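Chemist: Residue strings, one per chain:
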Amino acid sequence: MTSRRAFLVAGGMFTAGTVLGGACGYTIGVAVGGAGGGGAAAAGAGEDELKTGDAELDELRRLAVKAPIEELVRLGVAFCRKRDISYPSDAILWRGIDRLARHLVQDPSAVDRSLLLVVCATIERGSPPAELRLDGVLPELNSLRKATRK
Amino acid sequence: MQGAGEGLRGPTVVPQGGTIVVGLGPNDTTVEISQAGGGPVTKVKVEPGKQASIPVPNVPGGAVLYVQIGTGARARILVVEVISTLN
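Residue numbers (my numbering), protein chains in the order written: chain X, -18 to 131; chain V, 262 to 348.
So here's chain X without its partners, still in its complex pose (with noise of 0.2 Å):
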């Protein structure tokens, strides 16, 4: 085979490759932001998909998402209260429930038992979405309030 010809059967498989990856890629990505409902699609949410046009709820909606943990965790009770009253429907204000509910079970050395006491009752009391399964959390931070009451 010339070098001429390999160069383009190479060339060919090249973009062969890339157009059939991207295809892949992209069919994948769409079927599991579409199975996993609100809060898959939270987890991966771009900056448009945060924008509302209501500056408070684009802010909560950053904290529950996008945030460090230790903001979410230094502002939390303030984010659940918001939550609760301003924005109960908003499903990605749930991925910041989710977020906290486990850094308080990962990291129970470091409970804020304020902040441990308004997760619980949001999840019991606030239908969290099931894809989320806060359900299977919910024990641990019981055991958890149990734990650290005075």
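Computed cross-link-like contacts, DMTMM-like style, restricted to lysine to aspartate or glutamate with a CA-CA straight-line distance of at most 25 Å:
1. X:LYS63 to V:GLU293
2. V:LYS304 to X:GLU37
3. X:LYS127 to X:ASP116
4. X:LYS63 to X:ASP35
5. X:LYS47 to X:ASP93
6. X:LYS127 to X:GLU51
To be clear about the criterion: a stretch of chain X counts as covered by chain V if any three or more of its residues have a C-beta under 8 Å from a C-beta of chain V, and this derived list gives those stretches:
7. 49 to 61
8. 65 to 72
9. 95 to 102
Taking CB as the label site, the calculated pair distances span:
10. X:ASP88 to V:PRO316: 31 to 41 Å
11. X:ASP29 to V:LEU347: 45 to 55 Å
12. V:PRO276 to X:ILE50: 30 to 40 Å
13. V:PRO287 to X:SER108: 35 to 45 Å
Since the hints were derived computationally from the structure, they do not count as laboratory data.
Keep in mind the model is a prediction, meaning the values are calculated, not measured.
A virtual CB, placed ideally from N, CA and C, is assigned to each residue, including glycine.
Since the structure of chain X is already known, use the hints to place chain V on it.
Modeler: Relative to the frame of chain X, chain V by itself:
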């Protein structure tokens, strides 16, 4: 948004049917109480610079209450657990 309880004095546990006594700052004129997890917000007018005694709403034992003093950027939140009086 301010973190919870900064500069706020009050109990963390109250019995059902009891009162929540909170210390107020010189500009605090309202206290808002609501149950964690959702529900209505009750606003109580208070006299600034003193203590306020706020009756515990009719909630079951184990309920968690937000007590917010002040509004806007100056708001502070106290989290209070309501314990059952039945043993």
